[in-house]
Structures are given as structure tokens and as C-alpha cells.
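Q: Letter by letter, the chains look like this.
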Amino acid sequence: MTRLSTKISSLTLVNPLVLASGILGNDGLLLARAAKAGFGAVTTKSMTLEPREGYDTPIIAFVESGLLNAVGLSNPGYRALPDILKEAREGGAPVIVSIAASTPGEFHIIASYAEEHGADAVELNLSCPHVKGHGLQIGQDPGYTYEIVKTVSSSVDIPVFIKVGITDSLMETVSRSLDAGADAIVAINTLKAMAIDVYAKKPILSNKYGGLSGPAIHPVATRVVYEIYREYSPPIIGVGGVMTWIDAVEFILAGASAVGIGTAVAFKGLSTAGEILQGIEKYLDSEGFSSIEDIIGYVHRR
Amino acid sequence: MTRLSTKISSLTLVNPLVLASGILGNDGLLLARAAKAGFGAVTTKSMTLEPREGYDTPIIAFVESGLLNAVGLSNPGYRALPDILKEAREGGAPVIVSIAASTPGEFHIIASYAEEHGADAVELNLSCPHVKGHGLQIGQDPGYTYEIVKTVSSSVDIPVFIKVGITDSLMETVSRSLDAGADAIVAINTLKAMAIDVYAKKPILSNKYGGLSGPAIHPVATRVVYEIYREYSPPIIGVGGVMTWIDAVEFILAGASAVGIGTAVAFKGLSTAGEILQGIEKYLDSEGFSSIEDIIGYVHRR
Amino acid sequence: MTIGMTSLRYVRGFIDEVVTHGPGLKSLVINIDKLPVTVPGQFIMLWVPGYEEIPLSPSYHANGVIRLTIRERGPTTRKIHSMDVGEPVFLRGPYGTGFDLSRRARYLLVGGGYGAAPIIFAGHVLHKKGFESMYIEGVKSREYGLYTEEAGKLGMESMLVTEDGSSGYKGLVTEYVEKNIDGYDIVLGCGPEPMLNRLIEICLEHGVECQVSMERYIKCGVGICGSCILEGTGLLVCRDGPVFNARDLLEAGYEVGVDD
Amino acid sequence: MTIGMTSLRYVRGFIDEVVTHGPGLKSLVINIDKLPVTVPGQFIMLWVPGYEEIPLSPSYHANGVIRLTIRERGPTTRKIHSMDVGEPVFLRGPYGTGFDLSRRARYLLVGGGYGAAPIIFAGHVLHKKGFESMYIEGVKSREYGLYTEEAGKLGMESMLVTEDGSSGYKGLVTEYVEKNIDGYDIVLGCGPEPMLNRLIEICLEHGVECQVSMERYIKCGVGICGSCILEGTGLLVCRDGPVFNARDLLEAGYEVGVDD
Ligand SMILES: Cc1cc2nc3c(=O)[nH]c(=O)nc-3n(C[C@H](O)[C@H](O)[C@H](O)COP(=O)(O)OP(=O)(O)OC[C@H]3O[C@@H](n4cnc5c(N)ncnc54)[C@H](O)[C@@H]3O)c2cc1C
Ligand SMILES: Cc1cc2nc3c(=O)[nH]c(=O)nc-3n(C[C@H](O)[C@H](O)[C@H](O)COP(=O)(O)OP(=O)(O)OC[C@H]3O[C@@H](n4cnc5c(N)ncnc54)[C@H](O)[C@@H]3O)c2cc1C
Ligand SMILES: Cc1cc2nc3c(=O)[nH]c(=O)nc-3n(C[C@H](O)[C@H](O)[C@H](O)COP(=O)(O)O)c2cc1C
Ligand SMILES: Cc1cc2nc3c(=O)[nH]c(=O)nc-3n(C[C@H](O)[C@H](O)[C@H](O)COP(=O)(O)O)c2cc1C
Ligand code: FES
Ligand code: FES
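Chains as they are written, first to last, in the numbering used here: chain A, 1 to 302; chain B, 1 to 302; chain C, 1 to 260; chain D, 1 to 260.
By construction, these hints were calculated from the structure, which means they are not laboratory data. Do not rely on the hints blindly, as some may be mistaken.
To be verified - A few chain A residues that don't get close to chain C, going by computed Cβ distances all over 12 Å:
1) 7
2) 64
3) 172
4) 197
5) 278
Claimed, not checked - Quick look at which bits of chain C chain A covers, simulated, 3 or more residues with Cβ under 8 Å:
6) 31 to 40
7) 234 to 243
Stated by the list, open to error - Derived Cβ-Cβ restraints for the label pairs, each shown as a range:
8) D:73 x A:288: 28 to 38 Å
9) D:185 x B:36: 27 to 37 Å
10) C:64 x D:155: 43 to 53 Å
11) C:85 x A:117: 54 to 64 Å
12) A:232 x B:275: 20 to 30 Å
13) C:100 x A:201: 34 to 44 Å
Glycine residues also receive a C-beta, built at the ideal position from the N, C-alpha and C atoms.
Given these sequences and hints, build the entire structure.
A: Okay, here's the thing in C-alpha cells:
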């Protein structure tokens, strides 16, 4: 382990930055490129059983505090995974396959297929806020979540991550997921939101509703990472509004073992990974820490 | 009615800007000053049965996308209302008394007392995210909400507003509140969040958790205003991240009859009201609308 | 490259003039003050509320006036073609890379169909800089011609190439280029992909630098959704392009000459 | 007045020097680069993680060095008094109004107890501007004296006023002011409220302008929580003040002379 490396369950990452699901994640070469640009792990777009076109444009809207998206889970369908994984793995970083589905059976099929074709981990998306029947509606039901996680974790050997969003039952969902064998928690997904253009006098997104990401959600995500760590201390991938190394360090101090990055890529490109890593290294130096591992959950210690 | 005036249930406001609860709302003269600075209505800090000191400092933390606060509902207790109301009413704008309590009986006592001493409306705070036993925990229980609203609305003649936050049962809470006689919905309160100073290596707020306000929550609030208007079209006061006239107009187009302002006062002072009103007037002119009323819920019309 | 915050929100513009060039080909001249200035080859996203937003490479942009040259193709472009002077449109951008026009060199400008849009814009800029250039436009038939006249008025050498010979040189635009490339240092191309592929081959053969503007389905425009991937290269049209240096394309694994 | 974004986040500084002035009175000299520069009379919020954050008016601030003069009073100031060179502190600000030092006039500077902090800072600035001023400091007894010597070194006329006569003039600082106010145009005051109230009265009687720095319980520092209200006036110490022109205070309904 070097000073920037970190572990999430059985996965070792050379650094704690993870390309979040949905960002450039439909193409293996792009994932490989992200890995080469410095991401310690990369996540595919959430894959569904059937290919999905996604929504009409506009699928994206910029607001003062971040970004709204309603991509509509556009993806080539899980049968494209072999190609994607083959190319993605050439980037040299672990590849996490994100899965969006509605039933334990569907999750099972895609997870097993992903494992078979070389995925290093699967991430169950229980929290997409703007696609009906997927995601957030499941995450609101801890019992159903348990069933899904149990099914998947008992059928694959690679680590199973659970991606959660903001719901009343968040902590229970986390707890039941861990009971059911989840290896790590990914927190958080976007918040359901809307942007209206006052001159167009219409919601910008063709889907009207979208998921809010970026700086807006960072303090909410920090709170969630802190709470999950305080209660259960599982491996956590903190996601939400990481734009600078400071945001990344905040997550790690709160309890995250790794840090997901999405929106920053829209604003600054893939090179943002390198800048954030540099900042983290400087911080470790200036504060006298010898490695990332020294600061995971540090705020809970005193 | 002039072009900027608006109605919320039986209240007529000379303009749609409402000073949100908790901002300068412990002092009658300050509320009067806000009214004179241009707010069409002002809301008191949420009043509790007993005086509350509030939390130790830091009670406030600035983040990239807004503000976190954990004031801890500090207020002089509802028995201070006569003085506050007397002074506040001299500002010339309607005064809304915000109430934080745990039981229907407590809400009832404070609401009746407020009415007796000249409140123009009461606002039931069912959504404070960082004080135990108050607020959000109630808002998560639509049945209990119904009981509270029913008790209050049948015991006072002034309008009863319900302030909601982000919960899974938000739409049900709104629906039950309206069934129980609520006259308007105030949406939204802050989101539970945390900020960590990476050099201090501690959560900034003494209470650790705080409520996130400002630009961060605006797109979430817009979505909620839109949804409530679409489903029930009650009078709505949209609150959350209104920093400019554009944000205010967004709320109104989404369905708000009035617009609450909090955090902008920290950033820009009370004069922000005047600037926002000017912007709204210019907008009405440039887009060919004759009054605020013309644009309430406009995005739903086509 | 960091995207400026000003490029992220929609700016409303009003149509000032509608020019009909030929069947299914129109230009909108739009008054739009607050849009940051576009480099030829960069694109903007145009949104007509109620329809999709689509990427377009301006055929002119200066002093608060932008010109978009648009071929009718599907529902959104059909709607745009039905619009009138005075109507509002919403633009965000500019995004992506533009042509490199910084070098004092002899430029050969090659546009095919509506691909002539960024090419004539490049012509305007080169003309202003006093750099030497020739403008070539390839179309099916003379009624689809767009900007050879405009190029001529700028004092540039210009040539219309028609497949049916109804005007100018008869044949494919790439044939004309191949015959006339000598003496030029840089070729700028925009048009159908087979045309661009051939252009790249010709430039390779003649040892001439080549910059081409590529087209893929652009959804977000800012390099986040992955929709505009150039298959097999790991390159994004919206962020790494749309203008690529041919050498970079080939190095990344782009294959020319497969489909014409 | 819009609060600049840079004033909203904590900046970490390190204690460079600790000066013990007398019983329960210390100054911290802090190296802090990124804190926007403070006008005398403005305050900063000082946070020692694990304790409360408190408002303090710097007694000096220039070139990345800020000096805070602090009286031990409760848990937070006790902690601060226990701190050593090299330890970190967190500051945000500056906030509120400062003294108006822009006019070429004769200034009478009056500090009571730790209220001398912004007063000596004002002295430094006035000295630099070459404006005429006299520095008066009122304390219980000579061992509580803070800055008369520093004022003297600046070449300003200065006077220590002690209640017990252990040094300088014996009596209340306001008595001394009353006797010496003639010839001055502006009085700047900071200290216990009864002292400020008397100062306002004296200035009124002599027709001299008076600016005073008021103290209330400051929690947010940015005019949002309402904690720092000056009762009966609708004025906020953190935003409308802490420095007020006495005339504005009286106009807003502030009442002097009630509690001394
Ligand atoms: C960088 C760039 C610059 C461009 N500049 C111009 C220009 O200056 N002038 C001009 O006329 N055109 C230009 N285009 C092409 C233009 O964007 C498309 O013609 C337009 O999007 C068509 O939209 P439509 O809905 O009218 O038609 P259609 O494309 O028929 O719409 C039907 C459906 O096709 C799909 N679709 C849309 N665009 C594409 C695409 N590019 N690839 C694959 N599928 C697609 C969508 O699902 C759409 O809903 C440019 C494209 C790019 C990438
Ligand atoms: C604008 C301004 C500038 C100041 N500048 C200086 C300065 O330069 N040097 C200096 O020594 N002091 C200054 N003070 C006073 C200083 O802020 C207090 O002495 C300090 O906050 C005390 O904190 P403590 O926790 O040590 O003590 P205590 O005040 O005893 O703390 C105990 C409790 O008292 C309450 N409390 C704290 N401060 C106040 C208050 N001001 N009014 C009412 N209740 C309070 C809180 O509940 C606190 O937890 C200034 C105050 C203001 C408003
Ligand atoms: C364009 C876009 C598409 C996304 N698609 C997915 C997805 O398919 N599955 C998923 O779990 N999360 C998806 N997300 C959410 C991100 O993975 C991430 O949780 C969220 O954006 C917060 O992180 P950020 O603020 O760094 O962007 C998407 C986000 C964006 C911006
Ligand atoms: C310092 C502060 C104190 C607040 N106190 C209350 C309160 O007592 N009761 C309440 O209902 N809302 C309270 N709020 C929430 C606001 O009324 C408002 O809903 C929220 O801040 C979002 O609006 P904004 O983004 O304009 O600030 C408080 C907000 C702030 C910033
Ligand atoms: S269009 Fe979304 S990445 Fe290029
Ligand atoms: S301290 Fe909060 S308003 Fe002044």
C-alpha cells in the first residue's frame, strides 16, 4: 500500500478517486481513459436488462449550485458488458459495474454476467431519483433492499456495493444492506430537482425532473457519510459535489474510504483527478499524516 | 391589487416576498425593519412553548453552495409574542408567526395566543431538520400531521400555513394537511447536512448537523413547488435559495403565490428585497405580463 | 480545459433574419448579446422549448449576432425551419474545440453540405487576419449551394463543386481537392464522414496538415454523458472535438476509408 | 452592503507570539495570510475547534499579521489564554462596520479595558495617514494598562486613566475626556457600555461627532440570526455595527444614561 492507496472491501485502489456511475461510463475506452487520467477505480453507467435510449434532450441543465441531469439511464443493455469490460480493464484500474433493475432476479442476472466477464465489483443502484420503477423507489423499502442484496451477494464472489440516495429510511436501508452481505456503501446519488428557464417558461429538462449533483449536494453527502460511518463503519465511497481536493478530504475525514467524482468532470474534464490527488498529497504532508488510511473517519476519533 | 401584489388564502401582500422564518425573526423591530425594507410579509422565528437558548457557536457554516445553520430554535418562548407582534406590525406588512412544537396541544396553545395578539397567520414548522422531537420527525408522519393541522385550523380563524421539508411522504403530508384545513403550504425547509473544516478536522457546527439553505436547495425546492402545485394547487410560499429575482420568478412560474427569502439576507442584507422586486417588475414588463398573478403556475399551462 | 460558467446557462436570442438557401436549407441570423464568442468549428446547443436541443456550428458570430445554417432533418430542425423573425431561441455554449487559425499559412477550406457552416466562418476569420485561403464547397446540385458567393465577396478564391455538374466543378468535392491541394499548408474540413475520411487520406498522401470537424449524437455537450463517443478511440466529439487534428484521430485508432 | 465570499470561510492562522499584558489580559499575534484586511472597529470571529467561536476586534492587522487582544472571561477565552506559540486558530471575517477614519480631522481615541483593542488599531491607521489624534485608555489599575506606551511610541499624545490613580490620571476615563475634549472634531470610543453612554452624552454637550463600538452576543456575525440586536432600535451589532455613529444610534431609539 502506498500513501494514496485505499481498500474497499477486498479491492485495493491505487488512489481513492472513483469515477462515479453515469459519467462517460457507457464506453470501455472512455473508462480506460479515465483510469489513465488518474482515477483509482471507474464505474460503468448503470446497466439495465434491455438497452435504453434514454430521454430526449435537454438531458442536462446547469444551475447556480451544480447540475441537473435526466439522462434516463441510457445504456446499451447488460449484454454489452463483455466489450465494455474488456476495454475498460485496459485502463489498469478496477472496474465497478453499476446495475439498475427492479427485481432481485434482474439484479442477479446482470451481476452474475458482470462477474463472469471480469467486473471487479458490482454496484446496485438503489437510488436513481428520476426513472420510475428503478432506484429510489426501491431504496425507500429496506425490506425489499435486503432481498435484493441478499440475492446478489450470495450469487457473486466479487464485492457488492450499494448505492443509496436520500430517503427517510436511509440508515435502515444501509443497515439491512450490510446484514444482507453488502461489502460497501456508495453515498449519495443525486437529489430529485427541477430547473425552469424563466424566459423559456418551461422546465429545462425534457423529463422535467432531474437529479441534482455537484456542490449543492456535497454537505448533504458529507452528513450521510458521517452518519453511516458513525453507525456502522463499513467501507464507504463518498459521492456528491467533489469539485476540489478539500471536498474529497472532507469525505475521507467523515469516514469515506474512497471518493466518487461525477459533475466535476463536466466542469473541469478528466484532468480534475490529477489536481485532486495533488491536493490530497499536499494536505497529508502539511498536516503530518503518512497516508490516506490515517485520515479515514478521523473526525470521529476525538 | 397592484401588479406586484399577491394573495395567500385570505392574506393580501403588497408584493410576493416573505422574510422566511428564523431570519432576524426574534425581534419585532427587526421584523418591522424588514417590512419597511420591502418584504411583503414577515415571519417570526419558530416559537416554542418555553424559551430556548439555542446551540453553542458555531451555529453557522458557509459552504460553496450555501449556508448551514444549527441555531437550535433559539427563541424567547411564545409569551414574548405580544411584544414582538406589536412592534412587528408597525412595519405595515402581515406578520406570520412560526410555531415549533411537538404535540397538537402545544401547537394549539401557541397558535391561539398568536392570533389573540395580532398575528396575521400562523405557520406550523413541521420540518426543522436539526432539532430532535420538533419538525422533520413530525413531517414524516402524515397521520400525526393531520391531527396537528386539524387541531390548529379548527381553533384559529387566521390562515394556517404548513411548512414542509424533504421527506418520502412529502406529498401525502401536503395532502393530509390540506384535508385538515391548511390554507397554504410553505416549501421547503433546510436539508440536513454537515460541513467539516479539513484543517480543524472537525464538523464546524457545535451541533455537528445543520440545515442547508441557499442556492444548493433551490432546484429541490422548485421541484417541490412544482409537484405540489401540479397535484393540489394550494397557495404556496416557495422557499429555498432565492438569491436573485430569477430564482423568485422560477418559483412563481412553478406555482408559488409568494416567495420566502432567508439566506440571501446573510449574503446581501435586507436591501436584497428591493433588488429582487425590481427584477420581477422588469421581467413582467419585458415578457408582457401585467401582474404577478398572471404568472403563478404558468409553466403548467402549456 | 475548464468550461466557463458563462457557457453553461441558456441565453435567449431573437431571430433577426431568416435566409432560405435552397431546399431544406435555411440560415437564422440571431441577435444574442450575452453569448460568449465562438471560435469557428466550436458548436453551440440550440434549444427551442418544447423540442430537443441540438448542436450547431455557427456559420458566423460577431458583435452579438450569430448565424446558424441549418439543414432540415428531423422534428427539431423542422420546427426551426418553421420559425419566423422575432421568435426567441435559446442557446448555450460555445463548446468544444475550434479550428486552429492561428498560423500564418495557406488554408484550404472544404465544406460539404451544411458542413460549410463552420468553414465559411473560418473563412471570415482568416480573411480578417489577412491569411491566404481558398474556399471549396461540395453539394449535390447548384440549388443546395451556400457560401461560395459570400467567400467570393470576401475576395477569397472560391469554388462550388456539384455532383451533377449543375454549377462549378462537376464531381465530388474530394476529387477537386485532390487536384488542387498543392501549395496549401492546412486543410480544414467539415461535412459528411465519408468526405472527411477521404480528405484525411488525401492530406496524408500530400503531407498536408488536416483538421476535420466530426459529428456524433450530442446530448449533454459537456463531456459527461458519453453519448458522442467516437467509437474505438475513447475520444468525445463534444469535448475533445468536434474539430480534431487528423493525426490525433488516427493515433487514437480512428479508421478512415471504411465506409465509402 | 454585500458580504464578500472570501469573508465567509475559516482561514487558519498560527500563533506567532503571545503577549501577557496583565491579569487576564493577553494578546495573540497571529500569522494569517488569506484573511481579508480589517478596518479598525470591524470584528472577526475566532474559532478554536472544540470551543465556541467568539467575536473580537483586532488591535492590529496588516501584511498577514493580526493581533487580537483578549480578556479572559469564560470558557472560550480561558482556552485561548492557555494557548501557545505555534498552535492553530481559525478566523472568519472581517465583518461589520469600522470606524470612519477618512476625514482629515482631530480624533480623540478613547478605549476602556479590552475596548482599547480597536482603538489602538485606529491610532495606527490615523498615524499612518498623518492625521492628528490623542489616545486615552481607561482601566481600573495600572497593571491592566494596554496600549498607552504603544501610542506614545507612535508619537501620539497619550494618557492612561486609572480608577485607583495607580498611574496617569486618577478617575474615570470619561471624566478625563470631558476636561480635554475641546479642540477635537471626532471621538472614537470602545469599552463598557456605561462608558460609551457617558461618552455620547459628553460629545452631544460639546457638539463633537462620536463613533462608538457596541457589544452584544454575536452568534452568526452576518446579520441572520438576530442574536445581536440592540434592544429597542432594530439595529444589529454585527451588521449595522459594531461601530455606530452616536447620532444614528439615538435616532434609532437607543437610550443613553440609563444604567450608570
Ligand atoms: C458538432 C456538430 C455541429 C453541427 N452543426 C450543424 C450545422 O451547423 N447545421 C446543421 O444543419 N446541422 C448541424 N449538425 C447536425 C445537427 O445537430 C442535426 O442535424 C440535428 O441534431 C438533427 O435534429 P433533428 O431532431 O431535427 O433531426 P433528427 O436527427 O432526425 O432527429 C431525430 C432523432 O435523431 C437523433 N439524432 C439527432 N442528431 C443526431 C446525430 N447527430 N447523430 C445521430 N442521431 C441523431 C435523435 O434521436 C433525434 O431525436 C451538427 C452536429 C454536430 C455534432
Ligand atoms: C464586536 C465585538 C468585539 C469584541 N472584541 C473583543 C476584543 O477585542 N477583546 C476581547 O477580549 N473581547 C472582545 N469582545 C467580547 C468577547 O467576544 C467576549 O468576551 C467573549 O465572547 C467571551 O467568551 P467566553 O466564552 O470566553 O466567555 P463568556 O461570555 O463568559 O462565555 C460564557 C457564555 O456567555 C455568553 N456570551 C458570550 N459572549 C457574550 C456577549 N458578548 N454578550 C452576552 N453573552 C455572551 C455565551 O453564552 C457564552 O457561552 C468583543 C465582542 C464584540 C461583540
Ligand atoms: C449525467 C449523470 C448521469 C448519472 N448516471 C448515473 C447512473 O446511471 N447510475 C448511478 O448510480 N448514478 C448516476 N449518476 C449519479 C452520480 O453517480 C453521482 O452519484 C452524483 O452525480 C453525485 O456526484 P457528483 O456531485 O460528483 O456528480 C449520474 C450523474 C450524472 C451527473
Ligand atoms: C439561520 C436560519 C434559521 C432558521 N430558522 C428557522 C426556523 O426557526 N423555523 C423555520 O421554519 N425555518 C427556519 N429556517 C429555514 C428558513 O426559513 C428557510 O426555509 C430556509 O433557510 C431556506 O430558504 P433560504 O435558502 O432562502 O435560506 C432557518 C434558516 C436559517 C438560515
Ligand atoms: S454529448 Fe455528452 S459526452 Fe459528449
Ligand atoms: S450575530 Fe446573528 S444577526 Fe448579528
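Q: Broken hints, numbered, in rising order?
A: 2, 4, 6, 10, 12
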